[in-house]
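Enquirer: Here is how the chains run, residue by residue.
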Amino acid sequence: MAELNINERQAGDVTVLDMSGKITIGEGSVALRTAIRRLLEEGKKRILLNLAGVGYIDSSGIGELVSSYTAIGKDGGQLKLLNLTQKLQDLLTITKLLTVFDVYESEAEALNSFK
Amino acid sequence: MTGETTELTLPSQIDTVATAAAAVAEFVGREGISDDAAFGIDMAVREAVTNAVLHGNRQDEGKVVEIILKSSPDAVEISVHDQGPGFNPEEVPDPTAQENLLKASGRGIFFMRSFMDEVYWSIRPGGGTTVRMLKRR
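Chains A and B, in that order, give the protein sequences. The opening residue of the first sequence carries number 1 in this note's numbering; numbering runs sequentially from there. The opening residue of the second sequence carries number 1 in this note's numbering; numbering runs sequentially from there.
Accuracy of the hints is not assured; some may be wrong.
For lysine-lysine, the following DSS-like pairs were computed, each having C-alpha atoms within a straight-line distance of at most 27 Å [stated by the list, open to error]: (1) A:115 x A:80; (2) A:87 x B:103; (3) A:115 x A:44; (4) B:70 x A:45; (5) A:74 x A:115; (6) A:115 x A:45; (7) B:103 x A:80; (8) B:135 x A:96; (9) A:80 x A:44; (10) A:74 x B:103; (11) B:103 x A:96; (12) A:44 x A:74; (13) A:45 x A:74; (14) A:44 x B:103; (15) A:96 x A:74; (16) B:63 x A:87; (17) B:70 x B:135; (18) A:96 x A:80; (19) A:80 x A:45; (20) A:96 x A:45.
Please keep in mind that the hints were generated in silico from the structure rather than gathered at the bench. Being a predicted model, the structure only gives us computed values, none of them experimental.
Pulled out of the complex, with its shape left as it was, chain A reads as follows (with noise of 0.2 Å):
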């Protein structure tokens, strides 16, 4: 099974990324980016990524999550975040992250913010 395991659906004109895993230094930071990328050569630019089956980040991964973020913002898109593990809720605070991120606990208004 791999490390991370990415499903992709689309909620109109957003992507919502359904993942589960790690994202970690190696394959979990490089299944994100890899499909980041091909989201952006896609034109999809609302991307929403839903965070609740990712029980475990390391330093890489969120480095992952900043580049992403920079890298859809770049191009004129969005990058948010749904669903916080606790644990992940509480790397992204320590790192003052929560202060840069758009975070949801709604799917639906995770969506609506988009617009």
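Place chain B on chain A using the hints.
Expert: The following block gives chain B in isolation, referenced to the frame of chain A:
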């Protein structure tokens, strides 16, 4: 169980991070460390080993990463040694400073310091850097 010492010598490759984390998980399991503390130790070890493989040994296959796990009645101590040129941890920029928030890297040492009670770096005679991390029980 206390007073145990475990030593590992691992290759300078990314897979070593997961190998080391698994060994440490087993060690802290035997030591009866709480889940919260075990999570922090796991985070810190992964970051320390990542630094040793990537920045210390630069994935040079001729170099190894040595890990020593020790337990005492008061604490568990984890040392990670690489064969790299060394660095000054005080010169690593604060990743939580506003100007660094959007940087893709530079949070590993911050996590090690956040999750462990004490973290020290030293240059070993004969070369290489050792990071010694302590988590009190």
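Enquirer: Look at each hint and say if it fits the structure.
Expert: Going through the hints against the structure:
1. Distance restraint check for residue 115 of chain A and residue 80 of chain A: the Cα-Cα separation of roughly 13 Å lies within the 27 Å cut-off, and the hinted pair is therefore satisfied.
2. Only pairs whose Cα atoms come within 27 Å are accepted, and residue 87 of chain A paired with residue 103 of chain B is accepted, the gap being roughly 21 Å.
3. Straight-line distance between C-alpha atoms of residue 115 of chain A and residue 44 of chain A comes to about 15 Å, which keeps the hinted pair within the 27 Å bound.
4. The hinted pair formed by residue 70 of chain B and residue 45 of chain A fails the criterion: a straight-line CA distance of about 49 Å is larger than 27 Å.
5. A threshold of 27 Å between alpha carbons decides the hint, and for residue 74 of chain A with residue 115 of chain A the separation of about 19 Å falls inside it, so the pair holds.
6. Proposed proximity of residue 115 of chain A and residue 45 of chain A is supported: the alpha carbons are some 13 Å apart, at most 27 Å.
7. Restraint check for residue 103 of chain B and residue 80 of chain A: the C-alpha separation of about 18 Å stays at or below 27 Å, so the hint holds.
8. Taking the CA atoms of residue 135 of chain B and residue 96 of chain A, the gap is near 24 Å; set against the 27 Å cutoff, the hint holds.
9. Distance hint between residue 80 of chain A and residue 44 of chain A is fulfilled; the C-alpha atoms sit about 13 Å from each other, no more than 27 Å.
10. Among the hinted pairs, residue 74 of chain A with residue 103 of chain B is consistent with the structure: their alpha-carbon atoms are about 14 Å apart, no more than 27 Å.
11. Annotation: proposed proximity of residue 103 of chain B to residue 96 of chain A holds, straight-line Cα distance about 12 Å (limit 27 Å).
12. For the suggested pair residue 44 of chain A and residue 74 of chain A, the alpha carbons sit about 13 Å apart, so the restraint of at most 27 Å is met.
13. Pair hint residue 45 of chain A plus residue 74 of chain A holds up; C-alpha atoms about 10 Å apart against a cutoff of 27 Å.
14. Taken as a hint, the residue 44 of chain A and residue 103 of chain B pair is honoured in the structure, with Cα atoms around 23 Å apart against an allowance of 27 Å.
15. For the hint linking residue 96 of chain A to residue 74 of chain A, the alpha-carbon distance of about 21 Å falls within 27 Å, and the restraint holds.
16. Using a Cα cut-off of 27 Å, the hinted pair residue 63 of chain B and residue 87 of chain A is violated, with the two alpha carbons roughly 34 Å apart.
17. Under the criterion of a C-alpha separation no larger than 27 Å, the hint pairing residue 70 of chain B with residue 135 of chain B is consistent with the structure, at around 11 Å.
18. Between the alpha carbons of residue 96 of chain A and residue 80 of chain A the distance comes to roughly 16 Å, so the proposed pair stays at or under 27 Å and holds.
19. Straight-line distance between C-alpha atoms of residue 80 of chain A and residue 45 of chain A comes to about 11 Å, which keeps the hinted pair within the 27 Å bound.
20. Distance restraint check for residue 96 of chain A and residue 45 of chain A: the Cα-Cα separation of roughly 24 Å lies within the 27 Å cut-off, and the hinted pair is therefore satisfied.
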